[in-house]
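**Student:** Next come the chains, spelled out residue by residue.
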Amino acid sequence: MTSFDLVEPETLEDAFKWLGVDDSSVRPFGGGTALMLMMKAQLFTPVRLVSLRKLGRQFEGIERSSNDGSFRIGAMTTFSQLEHSPEIRAHLPVITQTMKTLANVRVRNVATVGGNLAHGDPHLDLPPVWMALDASATIVNSSGTRTIPVGDIFSGYYETTLEQGDLIAELRVPVRPGWRSRYIKVTTRAEHDWPALGIGLSLHAEGRVIKDLRIVLSAAIDKPTRLIGAENVLRGKEIDDALLKRAGEAAADETHIETDNRGSAPYKKHLLRVHIARAVSALVTE
Amino acid sequence: MTTPRTIRFKLNGRSVSADIMPHETIVDMLTQRFDLKGARESCGQGLCGCCTVNIDGMAVSGCLSLAWFLDGKDVQTIEGVANGATLDPVQQAFIEAGAFQCGFCTPGFIMMVRQLLDLHPDPTEDQMRHFLTGNLCRCSAYPEIIDAVKIAVAKRAELAHLVA
Numbered sequence: 006m007t008s009f010d011l012v013e014p015e016t017l018e019d020a021f022k023w024l025g026v027d028d029s030s031v032r033p034f035g036g037g038t039a040l041m042l043m044m045k046a047q048l049f050t051p052v053r054l055v056s057l058r059k060l061g062r063q064f065e066g067i068e069r070s071s072n073d074g075s076f077r078i079g080a081m082t083t084f085s086q087l088e089h090s091p092e093i094r095a096h097l098p099v100i101t102q103t104m105k106t107l108a109n110v111r112v113r114n115v116a117t118v119g120g121n122l123a124h125g126d127p128h129l130d131l132p133p134v135w136m137a138l139d140a141s142a143t144i145v146n147s148s149g150t151r152t153i154p155v156g157d158i159f160s161g162y163y164e165t166t167l168e169q170g171d172l173i174a175e176l177r178v179p180v181r182p183g184w185r186s187r188y189i190k191v192t193t194r195a196e197h198d199w200p201a202l203g204i205g206l207s208l209h210a211e212g213r214v215i216k217d218l219r220i221v222l223s224a225a226i227d228k229p230t231r232l233i234g235a236e237n238v239l240r241g242k243e244i245d246d247a248l249l250k251r252a253g254e255a256a257a258d259e260t261h262i263e264t265d266n267r268g269s270a271p272y273k274k275h276l277l278r279v280h281i282a283r284a285v286s287a288l289v290t291e
Numbered sequence: 002m003t004t005p006r007t008i009r010f011k012l013n014g015r016s017v018s019a020d021i022m023p024h025e026t027i028v029d030m031l032t033q034r035f036d037l038k039g040a041r042e043s044c045g046q047g048l049c050g051c052c053t054v055n056i057d058g059m060a061v062s063g064c065l066s067l068a069w070f071l072d073g074k075d076v077q078t079i080e081g082v083a084n085g086a087t088l089d090p091v092q093q094a095f096i097e098a099g100a101f102q103c104g105f106c107t108p109g110f111i112m113m114v115r116q117l118l119d120l121h122p123d124p125t126e127d128q129m130r131h132f133l134t135g136n137l138c139r140c141s142a143y144p145e146i147i148d149a150v151k152i153a154v155a156k157r158a159e160l161a162h163l164v165a
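Residue numbers (our numbering), protein chains in the order written: chain A, 6 to 291; chain B, 2 to 165.
Bound conformation, chain B alone (with noise of 0.2 angstroms):
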């Protein structure tokens, strides 16, 4: 007696809704009902990161979580962290830095590094290459995304700055 069910939850700021079967990942929903590329499995065993979505402020693993369970959630992708047409400081830290080269696994380091400044808005070194140990990058760009980290710490606080 397998039933789909609805789910509302907010995606990127909007209130949406989506009718959802037991076994479907976040990742298969975002890929397949809201056309939402982003978030990819990879790995399949939350090993890579390249899958990492923001749940109430959780960064979670998009390809091993039952999106059954986003009802009533406030959900965030890396679709939905610019301001419209302007990048978010860590997006345009990886860029500055050129903190990657095919850009497969950027989408998850960006999400885990706005993670790391929320919790941590000056980690020390060892913080930030602790907290990104669940995440792959293939092209072996790590250097330069400890560079962008660094960067966008920076970028936040002048942020802060200004509207303080």
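Chain A with its partners taken away, still in its complex shape (with noise of 0.2 angstroms):
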């Protein structure tokens, strides 16, 4: 690794001062689990990295709303921290069960809810978990702060809708009264590989009905992304075997899936079909 300058601002207006500058080498710096391995294949050469473990209280902690039971979650929060929150458990059991399977020990200790997002690696698990639940992040800059759904700041292949000197500060994750979220992390080659895809899958049902849901698709594609012409097949709708067999249809017609090493197209949209029917179908009656 070539060395750089490495910055631990206090405010967020010395933050914006080091990054206020046109190089995209000059870098927020979170857990740095992803960074540092772009960092030693020297793919990534940073001027300088600006750390973000000092920002202090918006960028830290899981607190629950009194008022509608809602989640802010600061950027800085790390999956142990996820993972082992008793109120997450309860009240999202979908992020513990995500990480049961998501790297592994060391990575969940050190990796932090904010880089994850800013990273845009389409095959990272919590993305379109958060995209699933409806999430939102709010994101500052010198100039103010805006709130936008987690969905929309992937815009591509590892790129995000992140300008330079923007930093994601802290998540709301709504808890919505008989929703019900899983993960499905499909590898191909080994248990504990990269997923070939992954889907983020959120419903509300009565008996078999679906009244509303979300269906996100990660790994498969160059961001995560919802999959609408699914979700249109199912809402409001009785489940059956046909009609969980249109939706997967829909569902592989309306992503461009590219083949790579885990696995080809037509394979991944097989999986894809299968997928979406069974975790559908075991949702709805869990």
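In short, the hints are calculated from the structure, not lab data.
Watch out, some of these pointers could steer you wrong.
[As the list claims (entries may be wrong)] Derived DEER-like restraints, expressed as beta-carbon distance ranges:
#: 1; chain 1: A; residue 1: Ser71; chain 2: B; residue 2: Asp127; range: 54 to 64 angstroms
#: 2; chain 1: A; residue 1: Ser148; chain 2: B; residue 2: Leu160; range: 50 to 60 angstroms
#: 3; chain 1: B; residue 1: His121; chain 2: A; residue 2: Glu15; range: 46 to 56 angstroms
#: 4; chain 1: A; residue 1: Gly241; chain 2: B; residue 2: Asp127; range: 38 to 48 angstroms
Please read all numbers here as calculations on a predicted model, not as lab measurements.
A virtual CB, placed ideally from N, CA and C, is assigned to each residue, including glycine.
Take each chain as given, in its own frame, and dock them per the hints.
**Tutor:** Structure representation (structure tokens):
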């Protein structure tokens, strides 16, 4: 690794000052698990890293609103903190479930919620889950604050809509009564591999009728993407085998899946059809 | 204007300091400045666990962490787990189970098993396997390593009983 300047601002003003240069090799640094790999491979050679670990309250903590029960999760919250939070386990169990197969203990001890989103890698497990949960992200920069749906962060393969000087400060995650959620991680080479596809699924059912749902596909495509066509097939309907089959077909038709070393495009489309049908059925009858 | 800074931290119970450059990893620092070679860089990607060190009670990959951030922290490496000439119960358990062949991965496994038992004093076999998915043993001593975890559970319980 070549060396670089490393600063640890304690105020947002100082952070924006350090970040506010027209140079994409000046980057914010959260847990650093992803950036360190890119730096060691010399894919990324920073001039300056701006650590976010001393920015304090807005970037930290897991809190539940006493009004609507929604969660505020600081961007520097580590995956371990999510994994071991009793509040998250009770109200957003899909997050606890996702942690079981996300990387390993050491990575979870260090990786952060915000860095995971800013990295823009479509293979990551949490982004499709946040999207299925209708989470939004609060972005701060030197001219103000904006809140956007998590899905709007991603614009392509390792590409985001974040501009130089933007920082993800926190997530807002609603707790929707009556909804159930699940993350389906489909690996094709070894159980503990990166996913060939990931599916974030969230739905509200009464009996076997799906009142509303979110289906988000990741890993097999360039960015985590809601499968609106498949959702429309299922929304408001009572599920049966024929309907689930149609939803799987709609999902395969509306996505552009590439062949890569985790499977051919036709194979991954087959996996998508099978796993959407299976997961929707399991979640409705849970 | 890349310049070193002096960091002060606890290393295996002793207060130490070191002049660190921003790009130095914890493994670089331990091997080059403190002559501690138990945490080794092997895969370099956080997958194999050979570089595991413990910072403020949390296991991390020493090859993917910048030493810069250790200022004020409490760092434990494999060299610091024994109590003088008395081995840690997890170390003793690995010997009794014969849970290694070449031994290259052993420090990392021992550090992870210690954290496992700190969090779950009586883990299920599923918990053991899950917790150790981020540690690779290329000699494939996995069955003996699981045996060692079970022996370590018993040894720790025995010690806790003696203390109580």
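**Student:** Work down the list of hints and note, for each, if the structure agrees.
**Tutor:** Hints, one by one, checked against the model:
no.: 1; hint: A:Ser71 / B:Asp127: 54 to 64 angstroms; result: 37 angstroms, violated
no.: 2; hint: A:Ser148 / B:Leu160: 50 to 60 angstroms; result: 59 angstroms, holds
no.: 3; hint: B:His121 / A:Glu15: 46 to 56 angstroms; result: 36 angstroms, violated
no.: 4; hint: A:Gly241 / B:Asp127: 38 to 48 angstroms; result: 40 angstroms, holds
Hints 1, 3 from the list above are not met by this structure, while the remaining hints are.
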